[in-house]
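Undergrad: All chains, full assembly: derive it from the sequences and hints.
In order, the protein sequences belong to chains A and B. Each residue of the first sequence is one higher than the one before, counting from 18 in the working numbering. Each residue of the second sequence is one higher than the one before, counting from 18 in the working numbering.
Hints listed in this document are in silico derivations from the structure and should not be mistaken for laboratory results. One thing to keep in mind: the hints can contain errors.
It does not matter which identical chain is meant; a pair holds if it fits inside one copy or across any two.
Each computed SDA-like pair below joins lysine to any residue, with the alpha-carbon atoms no more than 20 Å apart [to be verified]: (1) Lys458 <-> Ala156; (2) Lys393 <-> Asp62; (3) Lys393 <-> Ser543; (4) Lys566 <-> Arg416; (5) Lys566 <-> Thr547; (6) Lys458 <-> Gly261; (7) Lys306 <-> Ile459; (8) Lys242 <-> Gly261; (9) Lys566 <-> Asp550; (10) Lys242 <-> Asn519; (11) Lys85 <-> Pro100; (12) Lys393 <-> Ser64; (13) Lys242 <-> Pro163; (14) Lys566 <-> Ala156; (15) Lys566 <-> Ala149; (16) Lys566 <-> Asn67; (17) Lys458 <-> Val68; (18) Lys566 <-> Ser64; (19) Lys242 <-> Lys471.
Number of protein chains: 2
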Amino acid sequence: MPQYAIGLDFGTNSCRSLLVDLADGTELGSTVFDYPSGELGILTDPSDPNVARQNPQDYLDGLEAILKGALVEARANLPGFDPADVVGIGVDTTGSTPIPVDDQGTPLGLKPEFRDEPAAQVWLWKDHTAHAEAAEITAKARELRPRYLAKCGGIYSSEWWWSKLLHLKRTAPEVFAAAHSFVEHCDYIPAVLAGDTNPATLKRGICAAGHKAMFCDAWGGLPDKEFLSALDPALADLRDRLYGNAHTADTKAGELCAEWAAKTGLSEGTAIAVGAFDCHMGAVACGVKEGTLTKILGTSTCDITVAPRGQDLADIPGVCGIVDGSVLPGHYGIEAGQSAVGDIFLWFVHHLVPDSYGASPEEKFAHMEEAMAGTKPGASGLLALDWNNGNRTVLVDVRLTGLLLGQSLHTEAHEIYRAYIEATAFGALRIIERMEEFGVKIDEVVNTGGLAVKNATLMQIYADILGRPLKVAASDQTCALGAALFGAAASGRIALEDAQANCAKIRDTIYRPIPENAAVYRELYSLYRTLHDAFGTAAWSGGLAGVMKDLLAIRDRQR
Amino acid sequence: MPQYAIGLDFGTNSCRSLLVDLADGTELGSTVFDYPSGELGILTDPSDPNVARQNPQDYLDGLEAILKGALVEARANLPGFDPADVVGIGVDTTGSTPIPVDDQGTPLGLKPEFRDEPAAQVWLWKDHTAHAEAAEITAKARELRPRYLAKCGGIYSSEWWWSKLLHLKRTAPEVFAAAHSFVEHCDYIPAVLAGDTNPATLKRGICAAGHKAMFCDAWGGLPDKEFLSALDPALADLRDRLYGNAHTADTKAGELCAEWAAKTGLSEGTAIAVGAFDCHMGAVACGVKEGTLTKILGTSTCDITVAPRGQDLADIPGVCGIVDGSVLPGHYGIEAGQSAVGDIFLWFVHHLVPDSYGASPEEKFAHMEEAMAGTKPGASGLLALDWNNGNRTVLVDVRLTGLLLGQSLHTEAHEIYRAYIEATAFGALRIIERMEEFGVKIDEVVNTGGLAVKNATLMQIYADILGRPLKVAASDQTCALGAALFGAAASGRIALEDAQANCAKIRDTIYRPIPENAAVYRELYSLYRTLHDAFGTAAWSGGLAGVMKDLLAIRDRQR
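TA: Here it is as structure tokens:
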């Protein structure tokens, strides 16, 4: 009898479904729903570029649309397809993306009295308004609870749970007071499908809790009340209305409720897996295992690997999280990432690339990639830092900005685009180096996401800079596929490792480093490291008078 | 009886004439001739962005065209105009722009055997191929003849005479051997008009000699043979075929020869003034005097002031030249400048501004200036260095490049344009500060050049950053006007100071600093200075971790 699972992937601008055959990963149906609110689904504030919120109604509208859509497609693709053969549903989302909810678990943003209140909406992962609170939490934890910090890289981020809750309390106390509790987006969707959003009882995932909310069984779950109270007594009060347990994503969060079964045509009782973050589930669909780093190359990146529970794993400074079970049950999940990769290219193409390269962004990218085809590393004399949206790993600092150096009066847009590609690759290399410095060996890199699939120019530059062969996952929708694998596992009908073995596949094309390019990039990376450390770390002290001259020397040699 | 003079201004891409009435500066005729060769008159090399040469034939074709054109216009504008009333002709050019010539003073580039040889053409001021030789000359002079260096700011530039001659000797020895002598462009044109280009006898100007060829009466003219021999014996040999005297530009270089009188319709015997550099003559037409800095704001800038001969003037590190009589006879002329100002904006508009701002560069500039009208200093979070073409003053280093810092994912082109305007103004402020540090007080700034006349947005930002009221010279063609004033003075019919008093006028609009903007710009300038010193000076050592954070703090406050 066939077995299918559905993965639901809630991204930054849209959500999508993927219905797969668990025998071999065949993708039978997939639908995308673009969030209708705000700017590409994001509620922004022209006076503050740090603001990024979402409308919870978009999630509910999207949820129904993508579930139905997947079934319609599966029926069209496979005559005789039966929704009853869908054994489980898994959910991944962005994060930390907390939702203020009332005591029934209803998002405040859905309630008429809060519909126009930005603070009552969903706080999207990339909302950076809480940078002052993040610094405060870091300082307080360093003083009172250093072990809390050690597991999240040594610096607490403005993108994370407690920073956002504290900022909300400080800047919109009436909204905070109205919020009975808070729920991560990835925990909310499974609760909706299971028909019980009660914040006291809905199952929370270890992935979000462990990475973003300082949850760890070693210290009894969430941060203790004394610590929270030192930040704000209201957070200590809130702790009782949050949660005491968190679960791996192969755990069943519940079963599909009658209402959503009726809405969608799926069977009531279908297993719903505990939710997790997109990249963690994507990593599983890339075949993550010990020694394999998976990179999701999108608007930002997420770099995920695992280490065996038995390994005496040091905390890794600047690596956002090491959480037991956050990726594969029985392993430590290790998460790092870059705050902006594709977003930098999109910003550049939309704001700074003249129409001589093409009429549309797609044409501009294509023609810039053509224009750079004949040129060598270093030939432009340019060097950039990839910090237009701050630096997540290894500096964990949103109060950093972009830098482009080496412009002459002849510098062209495609040269700058290449410098930005290189900068993001240097940032990626810094992450791998840091993991290896602390005992997490990286033997192979498996990539997924739009850039990995569509941008061969970028992938070759990445291979040259990372100095390792780069593979690409077969599926175009690895996050959704990973969610489906967890949905399957939650049903108890198939083990996660079997589902992964059946469905996580690799493409034939492998990008291998070109030795002469790799050699030049090692020189450029050393200059990148100088800029990275000079602008990004308080400990650095030195001179920079050689940087421009070294770049010019490389340029003159490479032309 | 009316008295007229003609100024001839040979710029980077074109030359122009200006025929003025010496009674009041009325401009009766003016013609522009665009150099037809190369790219906008510049012979470039796609494999080496440092190369900038010119075709000497362009100068001769231009000379005839602009002289004739001025007379045609004057006749049209003033019935009864008589060319015989033109009492003198003055000439300014770019520099150091040396021309290799044969023993008759014929430019090698005009001779059939050298017509296709780049090294035999004119070496335009902005040719930067000789940067290694400049460093070598600086090192050798520091060791053997420190006083040579002191007068040119402590660092000899790749844009200057001896660097270019030495590079030519090293890279094209057969061309160097064929050159009997070398003549600055500004000395060549008066010699052509006077009908005697013999390099042994033509009158050389003190402006070019003193600023660029290390000529100073205090040490017997050009650098001595022992020093030149230490660089290359061929330069010591050449010294005898150069010159032993150099003259101020109110000196008569000769009289218009029959051939050029016949060609143009001017009277044979009309006084021809000794030539000088464009900005030095332009300064006179801006009314330069003690305490007045004149700025020529064009593709690059030239900043000129004078100090009394009696003043005990220290050498000023990084200021290109202090030369007796180079601007006003009887005063020290003091020259500084920025290697690229308008050129940075032109590069930006041509290569990086999308068509959403307009179809043409002019439209793009206009719309970017409109878009920045409502914004405050610091509101973009951006900070740039103005080094896309190196730094002339005060670092004297062509091996520097551009830098832009503070980009987010929302940064727009007009914000970057503003950051570049600000960067060039910060560079301008650094020059004023350096002059004042060494005893040259600047009470007022008089501006000229296309940007001063056309770009009110830029002028206001400059006023806010320089912290002084900015005036604008009345004439659109101050360099040519200044040349005309020297032509007049060379005739002996009117004193230079009288011609200057009659003709050097100021516009009504004066740009005054807005106090609240000036205050923010002082903060931003301090960050600019940090970057300037960090990347531009070997002596600097420190940390930069505060730079991006300070910019963000200012941004958040100013929005």
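Undergrad: Would you mind marking each hint as holding or not holding in the structure?
TA: A quick look at each hint next to the structure:
no.: 1; hint: Lys458 <-> Ala156; verdict: neither (31 Å within a copy, 49 Å between copies)
no.: 2; hint: Lys393 <-> Asp62; verdict: between (41 Å within a copy, 18 Å between copies)
no.: 3; hint: Lys393 <-> Ser543; verdict: within (18 Å within a copy, 37 Å between copies)
no.: 4; hint: Lys566 <-> Arg416; verdict: between (28 Å within a copy, 6 Å between copies)
no.: 5; hint: Lys566 <-> Thr547; verdict: both (14 Å within a copy, 18 Å between copies)
no.: 6; hint: Lys458 <-> Gly261; verdict: neither (33 Å within a copy, 72 Å between copies)
no.: 7; hint: Lys306 <-> Ile459; verdict: within (10 Å within a copy, 69 Å between copies)
no.: 8; hint: Lys242 <-> Gly261; verdict: within (13 Å within a copy, 88 Å between copies)
no.: 9; hint: Lys566 <-> Asp550; verdict: both (19 Å within a copy, 15 Å between copies)
no.: 10; hint: Lys242 <-> Asn519; verdict: neither (45 Å within a copy, 83 Å between copies)
no.: 11; hint: Lys85 <-> Pro100; verdict: within (11 Å within a copy, 90 Å between copies)
no.: 12; hint: Lys393 <-> Ser64; verdict: between (41 Å within a copy, 13 Å between copies)
no.: 13; hint: Lys242 <-> Pro163; verdict: within (15 Å within a copy, 71 Å between copies)
no.: 14; hint: Lys566 <-> Ala156; verdict: between (39 Å within a copy, 17 Å between copies)
no.: 15; hint: Lys566 <-> Ala149; verdict: between (37 Å within a copy, 12 Å between copies)
no.: 16; hint: Lys566 <-> Asn67; verdict: between (36 Å within a copy, 14 Å between copies)
no.: 17; hint: Lys458 <-> Val68; verdict: neither (37 Å within a copy, 48 Å between copies)
no.: 18; hint: Lys566 <-> Ser64; verdict: between (39 Å within a copy, 18 Å between copies)
no.: 19; hint: Lys242 <-> Lys471; verdict: neither (48 Å within a copy, 65 Å between copies)
Hint check: violations occur at hints 1, 6, 10, 17 and 19; the rest are consistent with the structure.
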